[in-house]
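Build the full structure now, drawing on both the sequences and the hints.
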Amino acid sequence: MASSDGVEDCNAIDPGVFLDPTDGRLWLTYGSYFGYIRLVELDPKTGMRINPNDQPRDLAINCEASDMMYHDGWYYLLATHGSCCRGSDSGYNIRLGRARKVTGPFLDAMGVDMIQGGGKLLIGSGGRVVGAGHFGLLDLGDGVQKFSMHWETDFDRGGASVLDIRPLLWKDGWPVAGDNAREGTYEIESLRTGTALELAVEGVPVGGRRTGRGGAGAGRGGQSGPGGAPQAGGPAGRGGMGGGMFGGQGSPIPTQDVAEVSANWPAGKLDARMSNYLCQAQQKWAITAVPNAGGYPGSPYFKIAVAGTDRALAATEDAELVVLPAFTGGAEQLWRFDQLADGSWRIMPKTIPNAKTPLALSAVGSSFATLAKFDPASDKQRWLLKTP
Amino acid sequence: MVTLRHLLLPAPVVLAGTALLAIAAGGGQARGPAASQTTPVSVNPGRGHAPTLTAPATPSKAPGADGFIQRWLLLEPIPANGLTESAVQTAVTKEYFPNQFTVVPHDGDKVTVGGTELTWHAVDTNNYNVNLYHFAYALSRPTSDVLFWAVTIVNCPQEVPKVRLAIGSNAASVWWVNGQEVIGVYNDRQTVIDDGVSKRLTLKMGPNIVRAAIVNGGGATDFCARFLDAEDTPLKGFTVSLVDATK
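If you're matching them up, the sequences are chains E and V in order.
Position 70, counted from 1, in the first sequence is what this note's numbering calls 70; the numbers after and before it change by one each time, with no gaps.
Just so we're on the same page, this note's numbering is the position in the second sequence counted from 1, plus 1000.
Simulated from the structure, these hints should not be mistaken for lab results.
Treat each hint with caution, since some may be false.
Distance condition first, Cα-Cα at most 16 Å in a straight line; then the derived EDC-like pairs of lysine to aspartate or glutamate [claimed, not checked]: (1) V:Lys1162 x E:Asp23; (2) V:Lys1199 x E:Asp271; (3) E:Lys373 x V:Glu1159; (4) V:Lys1199 x E:Glu320; (5) V:Lys1199 x E:Asp23; (6) V:Lys1094 x E:Asp54; (7) V:Lys1199 x E:Asp318; (8) E:Lys101 x E:Asp179.
In structure tokens, the structure reads:
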């Protein structure tokens, strides 16, 4: 399909195949630091050069590991800049330009042509990994895209080169490297409703419930009784606050102790629901990777439990949610997190008992969460993982 | 005994501008009695009509354009205190009168609660919500620290699976469909459409009893209710009545 003679301005390695979704034509990009990234057309039926005598087109310079993709009217040429093969001294980073035609020119966000070394950064070194290279698109359908790549060096693995799979987001017409879900404690908030997933138990205000008529909701806005005036600046002790309704208590209020409040929670299986986020214990969820339970592109499966407890979120056989008293490792208690193009998350159980189609965590109304077929056009199944 | 029937205007006419209250149809800022009244009071005619409620004039009524149920039997309010989950559950599970979890009353039926005679009233609204403040105020009943019972019958031409009851209420409320508790929303809140949503349930062919207990602390009080189908769109292929035609 393509070759180089060792002298010409191209090194025929690192092929990237691209099937144009707009017209079905098949293309091959290839090349390395010695010379140009080149483009030739292939026959989609045979995979061979459609016109072997046509001259390859030069698209970019000073990069390798090229690949091409199409999104929303633009063709994107991705390639790896920098140096490989030097361990943690590898400067590898993945950059890109875009064009309205598959033949280019591919310009970066500053308007610099990739044929002159331009390229907008998609991903570079960070955290415990160095040297990002060799982009490959994974389109999982339903608007979920990821990309494969490798790191020249992973500090946590003794500096070995490792494969990675990361979410592909989109912002203002440019791809952005997303993140795989990380362990931690989060507020899980519906992008649609702005309410947070919680264990369906009676919540306790952080710092305790105010006492007296000057308490929660009284005297302000729509919650006041008819003709009721705000009771700001009341005498000390009224409403349970030394400084009156708005003056606070004079010292920091500690984070709610889950051990203390959960002592009053009912035992057994409980419902999940959504509610206004008030920083309460039943509204915080610990997401923890489950070893030896398999995974999906980029991540292992996770357990979702009320932070500080073993009460685990699970799918029921009628496609609703339940919070079990303890995690037992069943497939209905394992969750996958896929970051969507806008940075929000799709959250899906590994399996649902007796279900034939995969379902995703979905908001219904303002105060209820269920499981429903994922609709990429809807915000019902988009969630935010917020640091509580 | 003056009933709300005497204070309601015949459907479909609702006189504007004659109400003693300046209350928005959406149950917004209310001007009226400031203090809660926890002792029984006599009905005091002369408060004017409930501006958003009318007396039903037809045997059945279709849901509104957006699926909201607009015909209910409402019981004059019962004293209740507290909007937390535990307080509301205590209030709504207490038996105030016989058969309160199964009865489908008639307009004008009476019960006695704590020595006070309370009357059931049949009401229609053309709004998406039922304004309980209008209801109680017109009858000179308390509007704060009270519990309202509401009942209606949803008649389905065929069984409808995988639907959800979706409600909003000011403030807390608990809901039952055919005797099963399906929704509970707690704490001080305003009526938001589809604020509380049930798990999937099946509506039977024929009559389905929807019952609610709405608990208000202070201020405005109202509720709305509809069913959502399997696609989460409002269900409309049913009628609402207040008499079980099968009995």
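Right, here's what the structure says about each hint:
Between lysine 1162 (chain V) and aspartate 23 (chain E), the direct Cα distance comes to roughly 42 Å. Violation of the 16 Å bound is thereby established for this hinted pair. A threshold of 16 Å between alpha carbons decides the hint, and for lysine 1199 (chain V) with aspartate 271 (chain E) the separation of about 10 Å falls inside it, so the pair holds. Between the alpha carbons of lysine 373 (chain E) and glutamate 1159 (chain V) the distance comes to roughly 23 Å, so the proposed pair goes past 16 Å and is violated. Note on lysine 1199 (chain V) and glutamate 320 (chain E): the hinted pairing holds, with a Cα-Cα distance of about 7 Å set against a maximum of 16 Å.
Of the supplied pair hints, the one linking lysine 1199 (chain V) and aspartate 23 (chain E) is violated, its CA atoms being roughly 46 Å apart against a limit of 16 Å. Among the hinted pairs, lysine 1094 (chain V) with aspartate 54 (chain E) is inconsistent with the structure: their alpha-carbon atoms are about 87 Å apart, more than 16 Å. Among the hinted pairs, lysine 1199 (chain V) with aspartate 318 (chain E) is consistent with the structure: their alpha-carbon atoms are about 9 Å apart, no more than 16 Å. At most 16 Å may separate the alpha-carbon atoms for a hinted pair to count; lysine 101 (chain E) and aspartate 179 (chain E) exceed this at roughly 30 Å.
The structure is inconsistent with the numbered hints 1, 3, 5, 6, 8, although it conforms to all the rest.
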